[in-house]
Amino acid sequence: MSEFWAGIILAGAFMAALGGALALFLALASRRLYVFEDPRIDAVENCLPHSNCGACGTAGCRNFAEQVVSGEIVPAKCSVNPPEMNAYIAGMLGVAMGEVEKQVARLACAGGHHVARMRAHYAGLQSCRGAAVVSGGGKDCAWGCLGLGDCEDVCDFDAIQMNGFGLPVVATDLCTACGDCVEACPKSLFSLQPIGHQLWMACKNQADGETAEAQCAVACTACGKCVADSPAGLMHMDGNLAVINYAHNSLTSIASIERCPTGAIVWLTDGQVTRGHAAKKIVRVTPLPLAV
Amino acid sequence: MNFLPFFRRKTFARGIHPAGNKSTAGMPIRRMPFAPRMILPLAQHIGKPAVPIVRPGEEVVRGQPIARADGLMSLPLHAPADGVIEAIELKPSARGPWVNAIVLRVYEASTQEVRWATPPDVDALTPQEIVAAIQAAGIAGMGGAAFPAHVKLTPPKGTVIDTLIINGAECEPFLTCDHRVMLEYPQDVIRGIQLAMRACGAPRAIIGIEDNKLDAVEMLNRHAPADGRIRAEAVATKYPQGAAETLIYALTGREVPIGARSSAVGVLMNNVMTMAYIGRLIPAGEGVIERVVTVAGPSVVRPGNYLVSLGTPMRSLIEYAGAQGNEKQIILGGPMMGEAVASLDVPIVKGASGVLVMPEREIARRVYPCIKCGECVSVCPKGLNPSMLGMLAARREYDVMAEQFFIGECFECGSCSYVCPSHIPLVQQFRVAKGILKERAAA
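Read top to bottom, the protein sequences are chains A and B.
Position 95, counted from 1, in the first sequence is what numbering that gives the first Met the number 0 calls 94; the numbers after and before it change by one each time, with no gaps.
Position 406, counted from 1, in the second sequence is what numbering that gives the first Met the number 0 calls 405; the numbers after and before it change by one each time, with no gaps.
No lab work stands behind these hints, which were simulated from the structure alone.
Errors might be hidden in some of the hints.
[Said to hold, decoys possible] To give an idea of the interface, some chain A residues facing chain B are shown, with a C-beta separation under 10 Å as derived from the structure: (1) P38; (2) Q66; (3) A119; (4) Y121; (5) V133; (6) G135; (7) A141; (8) W142.
[Unchecked claim] What the simulated footprint calls covered on chain A by chain B, stretch by stretch (three residues with Cβ under 8 Å from a Cβ of chain B suffice, anywhere in the stretch; the number is not a length): (9) 73-83; (10) 126-132.
Even for Gly, the Cβ is constructed at its ideal location relative to N, Cα and C.
The following block holds chain A by itself, in its conformation from the complex:
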């Protein structure tokens, strides 16, 4: 009996001694290997959205906090935080908040299924990427939006909603310009644009004018009227498309879009899309029949 208890006590004592020794080792190790980290990094990180979206250009929110504390980046670079929160971070650190022009994702296509025809039914995997690997997805315009909503799926901020014509609509107030939709779109139709870029070319169809117009009622027909109506150097024609040089953004005016026959080039104000006066009116709301 006593031998039995002695065994248990011995085992308990041994384990306690071992635990104590290892605890002492850990305590010494943590003292010896201690790395000082600026406590402000944690404080700043706690003020960040933790979405790790990458819109600021860093690897994630923690990385952003480190760079803000070390002064490599200004707090305003976080486009997800409301400005008050960025101002709070700036005040806490005693640095300038900085100024960053808000960017939004913009779609270079206006060809919903009421204006752009399909040439084949697509019945496979219901995603744009999936459709794009099967002969380009069946839309007559090989450059246009496939409308299956990969961008809507990847958007972490619910800023993209598909409208009734199968086109994504970006809510400019929710968009943080993280760039996920830019990567998701198989036709590379999204790009991040400063909100001040109001003149917008909403077409990427490189076919000749007649073919393009047959494929989509709002395609650029490469007539060149917008280029003629713009100040010199602002726009030029390239590959059957009008190209805007945003380096001269200050020269843009609504005059450039007025004579566009299809409304492919538009003027954007606060999420409102303005088409030119000469653009043909789109009355159709139902999908176009299949092209043969």
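For this one, chain A is given, so just place chain B on it according to the hints.
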């Protein structure tokens, strides 16, 4: 006839047995008349697109070079008929994006005569000259991938090739063009193989043919030279027997390591129709301007094997063969690996082995969740885990697919999609994943 003991059939592990549907196997090759307009994409091969050497308005004759190769990894183009160049502009391609193409308006009086040829002294050619002649003839792999044949026949420096494998398996259902070529042009096939052996230095060549085509095995063995360096062998009829890795394993017992090419195990592999065209065009000094295409499928009125000029729009070919019904699905290539095309203006190119016209299913197949039955795992010829890969693809975890589940090894044979009882479009998901991984690697 060569009797095959059932238990010693040469083959590979796993795979599937789809219905053959090779009703066109008995139909001799017939020539299709010229289409009024030919569309010749500058990139009919893997690699850099050709550079046009003609201008719109210029008259060309059948066989005349109209575009030159842009570097080593590129091929020239030749005019498939007498006519006038109408334009060089963007045209739809089978893969979707519009690509630059030469449009040729064919003269009604154009004849079958090839009027542009420079026959070399074949016996005096050095290996380098043979490779150059194959490039000048514009020959791309005719099995479907359209990899430039001259690049394939140039083994990487430092590797020794001991076996040239010729792929006559034709494991895709419906397709019979390779079978007809082996039966009707056996001399061309053998001559092509002899040239290819000289080009790559291989001492022996094996033609692998599925054992549903024993007549082709017999025909080629009868025409092979007596020294025994070229022989045709039967392999089991199983899909995908005609893939590079599986056929190499079936014929030599060698496995190609992950990420390596077949030359790493001393083997080069080429398609049998590619050999037939090398054997015909190199001695004649001509360029490739036509190929044999199987036109088949339940909706085709006159199925068969047609000798089609490159650049013939699918619309003309289907009109010529006849198609029933309004709604149909048109597949370029075989039913397992081919691609549905969305436009009939897509032309026949060097890699187009078949055109299948299928009646469209009335209701698209409903996709159910994965039930983890493991059917896909049991058929994958590469030993991958398609079920896991599919679930990762649905969650967009592409990096995990590449690093832990070897998506790069998948050659998209479609066996997993074929057996999936839940109708999950696995291969399509893998194509998407591989596309995104390629984009990320390039960025």
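Verification of the supplied hints:
Hint status for P38 (chain A) relative to chain B: violated, with the closest Cβ pair at about 34 Å, above 10 Å. Interface restraint check: Q66 (chain A) against chain B, minimum CB-CB distance 22 Å, threshold 10 Å, status violated. The interface hint given for A119 (chain A) is met, as the beta carbon of that residue sits about 4 Å from the closest beta carbon of chain B, less than 10 Å. A hinted interface residue such as Y121 (chain A) counts as satisfied when its beta carbon comes closer than 10 Å to some beta carbon of chain B; here the least separation is about 8 Å, so the hint holds.
A least Cβ separation of about 6 Å between V133 (chain A) and chain B falls short of the 10 Å threshold, and the interface hint therefore holds. About 2 Å separates the beta-carbon of G135 (chain A) from the nearest beta-carbon of chain B, less than 10 Å, and the hint is met. Interface hint status for A141 (chain A): upheld, as the beta-carbon distance to the closest one in chain B is roughly 5 Å, under 10 Å. Using the Cβ-Cβ criterion of 10 Å, the hint placing W142 (chain A) at the interface with chain B is satisfied: the shortest such distance is roughly 8 Å.
Evaluation of the coverage hint for the region 73-83 of chain A: breached, as 0 residues show C-beta separations to chain B shorter than 8 Å, against a requirement of three. Counting residues of the region 126-132 of chain A whose CB lies closer than 8 Å to any CB of chain B gives 5, so the stated coverage by that chain holds, three being the minimum.
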